[in-house]
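Sequences and hints are given; from them, build the entire structure.
Given next are the chains, with one letter for each unit.
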Amino acid sequence: MASITIQSITKTFGTVPVLHDIDLSIADGEFVVLVGPSGCGKSTLLRMIAGLEDITGGEIRIDGRRINEVAPKDRDIAMVFQSYALYPHMTVADNMSYSLKLRKTARERIAEAVGAAAGKLGLDPLLERRPKALSGGQRQRVAMGRAIVRHPKAFLFDEPLSNLDARLREQMRAEIKRLHKAIGATSVYVTHDQIEAMTLADRIVAMHGGIIQQVGNPLDLYDRPANLFVAGFIGSPAMNFVDGHCRSGAIETDDGSRIAVPGGIDLAEGQAVTVGIRPEHVRIVAGSGAGSYTARVDLVEPTGFGTIVHVRLLGQDLKIYTLERGAAEVGEPLHIALDGDRLHVFDRETTNRIG
Amino acid sequence: MTRKRIVLTVLHRLAILAYVAFALFPLFWLLKVSVTPTSLLYTEGIRLWPSRASLEHYAFVLTHSSFPTFFLNSTIVSASTAVIVTIVAALAGYAMSRFVFRGKYWIVGLLLLTQMFPLVMLIAPMFKMLSPLGLTNSLTGLVIVYVAFNVPFATFLMQSFFDGIPKDLEDAAMIDGATRFTAFRQIILPLTLPGIAATLGFVFTAAWSELLFALMLISGNQATTFPVGLLSFVSKFSVDFGQMMAAGVLALIPACLFFLLIQRYLVQGLTAGAVKG
Ligand SMILES: Nc1ncnc2c1ncn2[C@@H]1O[C@H](COP(=O)(O)OP(=O)(O)O)[C@@H](O)[C@H]1O
Ligand SMILES: [Mg+2]
Numbered sequence: 001m002a003s004i005t006i007q008s009i010t011k012t013f014g015t016v017p018v019l020h021d022i023d024l025s026i027a028d029g030e031f032v033v034l035v036g037p038s039g040c041g042k043s044t045l046l047r048m049i050a051g052l053e054d055i056t057g058g059e060i061r062i063d064g065r066r067i068n069e070v071a072p073k074d075r076d077i078a079m080v081f082q083s084y085a086l087y088p089h090m091t092v093a094d095n096m097s098y099s100l101k102l103r104k105t106a107r108e109r110i111a112e113a114v115g116a117a118a119g120k121l122g123l124d125p126l127l128e129r130r131p132k133a134l135s136g137g138q139r140q141r142v143a144m145g146r147a148i149v150r151h152p153k154a155f156l157f158d159e160p161l162s163n164l165d166a167r168l169r170e171q172m173r174a175e176i177k178r179l180h181k182a183i184g185a186t187s188v189y190v191t192h193d194q195i196e197a198m199t200l201a202d203r204i205v206a207m208h209g210g211i212i213q214q215v216g217n218p219l220d221l222y223d224r225p226a227n228l229f230v231a232g233f234i235g236s237p238a239m240n241f242v243d244g245h246c247r248s249g250a251i252e253t254d255d256g257s258r259i260a261v262p263g264g265i266d267l268a269e270g271q272a273v274t275v276g277i278r279p280e281h282v283r284i285v286a287g288s289g290a291g292s293y294t295a296r297v298d299l300v301e302p303t304g305f306g307t308i309v310h311v312r313l314l315g316q317d318l319k320i321y322t323l324e325r326g327a328a329e330v331g332e333p334l335h336i337a338l339d340g341d342r343l344h345v346f347d348r349e350t351t352n353r354i355g
Numbered sequence: 001m002t003r004k005r006i007v008l009t010v011l012h013r014l015a016i017l018a019y020v021a022f023a024l025f026p027l028f029w030l031l032k033v034s035v036t037p038t039s040l041l042y043t044e045g046i047r048l049w050p051s052r053a054s055l056e057h058y059a060f061v062l063t064h065s066s067f068p069t070f071f072l073n074s075t076i077v078s079a080s081t082a083v084i085v086t087i088v089a090a091l092a093g094y095a096m097s098r099f100v101f102r103g104k105y106w107i108v109g110l111l112l113l114t115q116m117f118p119l120v121m122l123i124a125p126m127f128k129m130l131s132p133l134g135l136t137n138s139l140t141g142l143v144i145v146y147v148a149f150n151v152p153f154a155t156f157l158m159q160s161f162f163d164g165i166p167k168d169l170e171d172a173a174m175i176d177g178a179t180r181f182t183a184f185r186q187i188i189l190p191l192t193l194p195g196i197a198a199t200l201g202f203v204f205t206a207a208w209s210e211l212l213f214a215l216m217l218i219s220g221n222q223a224t225t226f227p228v229g230l231l232s233f234v235s236k237f238s239v240d241f242g243q244m245m246a247a248g249v250l251a252l253i254p255a256c257l258f259f260l261l262i263q264r265y266l267v268q269g270l271t272a273g274a275v276k277g
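So the protein sequences, as listed, match chains A and B.
Anchor point for the first sequence: position 181 equals 181 in the numbering used here, and the numbering is continuous, going up by one each time.
Anchor point for the second sequence: position 274 equals 274 in the numbering used here, and the numbering is continuous, going up by one each time.
Accuracy of the hints is not assured; some may be wrong.
[To be verified] Below, simulated DMTMM-like cross-link-like pairs (lysine to aspartate or glutamate); rule was C-alpha separation at most 25 angstroms, straight line:
| id | chain 1 | residue 1 | chain 2 | residue 2 |
| --- | --- | --- | --- | --- |
| 1 | B | K104 | A | D54 |
| 2 | B | K167 | A | E159 |
| 3 | B | K167 | A | D76 |
| 4 | B | K104 | A | E53 |
| 5 | A | K132 | A | E170 |
| 6 | A | K153 | A | D76 |
| 7 | B | K167 | A | D54 |
| 8 | A | K104 | B | D168 |
| 9 | B | K167 | A | E53 |
| 10 | B | K167 | A | D74 |
| 11 | A | K120 | A | E175 |
| 12 | A | K104 | A | D94 |
| 13 | A | K101 | B | D168 |
| 14 | B | K167 | A | D94 |
| 15 | A | K153 | B | D168 |
| 16 | A | K181 | A | D220 |
| 17 | A | K132 | A | D165 |
| 18 | A | K104 | A | D74 |
| 19 | A | K181 | A | D124 |
| 20 | A | K132 | B | D163 |
| 21 | B | K167 | A | E69 |
| 22 | A | K104 | A | D76 |
| 23 | A | K132 | B | D168 |
Treat the hints as calculated values from the structure; they're not laboratory data.
Structure, rendered in structure tokens:
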């Protein structure tokens, strides 16, 4: 097990810059998730850690040792691919033992390691099968097994669950978390799915356009998103954004409504801001009162556990997530209130969080 | 409904039968003439099978002609060409498929260019180049020429097979602890066996039936290959059809054996290549 240090990493493909000045320290045993929309450079960064892509600029260290020029085979890391990349002409057992054979591990030790890994992942009955004869979920397990048989310094995962159906994905997600708790190996996990990121990570690295937007533990990113991108990316249903300007101590939205400025935030008169409101933080109240708004219900989407209510308010389609069934009827008026301490205010110029 | 289906099936089969008969008839005629005694050849010209079959032509070809030598020469030349071309094409095709390197597009262009010239244009320069090296009239010279002419196409063929194999596989192998070459040998090559068989078969056949260069570069019996040897049955005044056909039938044997050997991979390979991606 090992720590990974990434210093001022840049990457260009030909003349196209893909990663800009990435800095990141991953502690021994930590589970770090790189999350961001597709094309933001997550896989490229992961593949640079693995040694599968050249490093254009900067330095990567594993346990303090610079590995820019070290071949992938000598980095002692394991990787799980989105496509699983199982060797089609080898049995499950051979797939899992390939890395140990290359390291000239003694035969008994290999059998022992494969047996242990197979036991952990429930692969025992499948050991003699070829990948072709496995279901998607089983292949995924074999890919995991291939990574855990040898005890590498770090695990790298590149969207390992993206090819599974929703139910299996949830199950494997929990299993990966359990495995990490049991093995405690340093892990870097790439996904575009913010739920996976939230549930698995010790620390999330949110990326966009080849730039790290925010690093922090999952609840930090949820509670205090550093900028508009992170605010919109983390959380489902996604955060509502309302544009406005600071006018005489309140935020006046473009349709003329006013929102009280939350405590602890200093705004210049006339400053252009975006207010972020999570759907689950919009309260439905009984009657109109001071600081409440009234709007007509546009659409109701029951999800079973909760309900997403769309209203026309503050000049846009505002989503409300409520656990009360029957709180809203399409076409009926609805009274809502916003909690000042749960509003997020962002500077519209820089897109950064204020306060 | 079902009657219509039956009729369609019958028509379909008949069409295939007609096609197969059309394709195989020359081979049948080859066999027929080879077992027709010379005395009957012209008198029974268009009978489907001679009234008396004999193996006299075979006996003659095997014992009184240089054909055993020609076969051996052809086998050596074709097998060597096939093996060398396949090794070179596998390595080059892999590089084409996986690596970005300077001048790649120029190299592809040059490879294509070599395929555009009629071979006849190149006979004289080839001869000029090979003769000071002592490579005319030698099997080695022939192998070199055949390799040169077959490598470009075989490279493209192999490249298409490598393109069909996901890069993730060698990435996984390299992370598992393999060098790129080990990954190539242990992971990628086994998966390309169909492609290798197809390339071997294609090149072997091409070399086996090549006449033009063999005719121009070889003069002595010692290094004559079988297609050239066949011409020795044509004399100024007559053609010994019986012996020529017997030799032809014999020449089919190695090619048939070879394809029998690689057939399993070949069918797989041709279809795998067809639906790759
Ligand atoms: N081999 C490559 N050559 C050129 N561009 C590439 C290559 N690999 C990735 N890219 C580009 O780099 C960007 C980041 O890709 P990637 O790291 O795969 O994104 P992600 O995994 O976040 O979806 C994309 O715009 C992609 O088109
Ligand atoms: Mg990716």
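Comparing the hints with the structure gives:
Simply put, B/K104 and A/D54 have alpha-carbon atoms about 19 angstroms apart, close enough for the 25 angstroms limit, and the pair holds. Of the pairs offered as hints, the one joining B/K167 and A/E159 holds, with about 16 angstroms between alpha carbons and a cut-off of 25 angstroms not exceeded. For the suggested pair B/K167 and A/D76, the alpha carbons sit about 20 angstroms apart, so the restraint of at most 25 angstroms is met. As the CA atoms of B/K104 and A/E53 are separated by approximately 20 angstroms, the hinted pair is consistent with the 25 angstroms bound.
Between the alpha carbons of A/K132 and A/E170 the distance comes to roughly 24 angstroms, so the proposed pair stays at or under 25 angstroms and holds. With a CA separation close to 6 angstroms, the supplied pair A/K153 and A/D76 stays within the 25 angstroms bound. Proximity of B/K167 to A/D54 is assessed by CA-CA distance (about 16 angstroms); at most 25 angstroms being required, the pair is judged to hold. For a cut-off of 25 angstroms, the pair hint linking A/K104 to B/D168 stands: about 23 angstroms separates their Cα positions.
About 13 angstroms separates the Cα atoms of B/K167 and A/E53, which keeps this hinted pair within 25 angstroms; it holds. The suggested pairing of B/K167 with A/D74 holds, with an alpha-carbon distance near 19 angstroms, which does not exceed 25 angstroms. Our distance criterion of 25 angstroms between C-alpha atoms is met by A/K120 and A/E175, whose separation comes to about 10 angstroms. Restraint check for A/K104 and A/D94: satisfied, since their Cα atoms lie roughly 14 angstroms apart, inside the 25 angstroms limit.
For the proposed pair A/K101 and B/D168, the alpha carbon gap of about 20 angstroms is at most 25 angstroms, so the pair holds. Between B/K167 and A/D94 the alpha-carbon distance is near 20 angstroms, which keeps this suggested pair within the 25 angstroms criterion. For the proposed pair A/K153 and B/D168, the alpha carbon gap of about 21 angstroms is at most 25 angstroms, so the pair holds. In summary, the hint linking A/K181 to A/D220 is supported, as the alpha carbons are separated by about 21 angstroms, within the 25 angstroms threshold.
At most 25 angstroms may separate the alpha-carbon atoms for a hinted pair to count; A/K132 and A/D165 meet this at roughly 18 angstroms. Proximity of A/K104 to A/D74 is assessed by CA-CA distance (about 14 angstroms); at most 25 angstroms being required, the pair is judged to hold. Between the alpha carbons of A/K181 and A/D124 the distance comes to roughly 22 angstroms, so the proposed pair stays at or under 25 angstroms and holds. For the hint pairing A/K132 with B/D163, the CA-to-CA distance comes to about 20 angstroms; that is within 25 angstroms, so the pair holds.
Between the alpha carbons of B/K167 and A/E69 the distance comes to roughly 21 angstroms, so the proposed pair stays at or under 25 angstroms and holds. Between the alpha carbons of A/K104 and A/D76 the distance comes to roughly 15 angstroms, so the proposed pair stays at or under 25 angstroms and holds. With a C-alpha separation of about 16 angstroms, the suggested pairing of A/K132 with B/D168 holds against the 25 angstroms cut-off.
In summary, the structure agrees with every hint in the numbered list given earlier.
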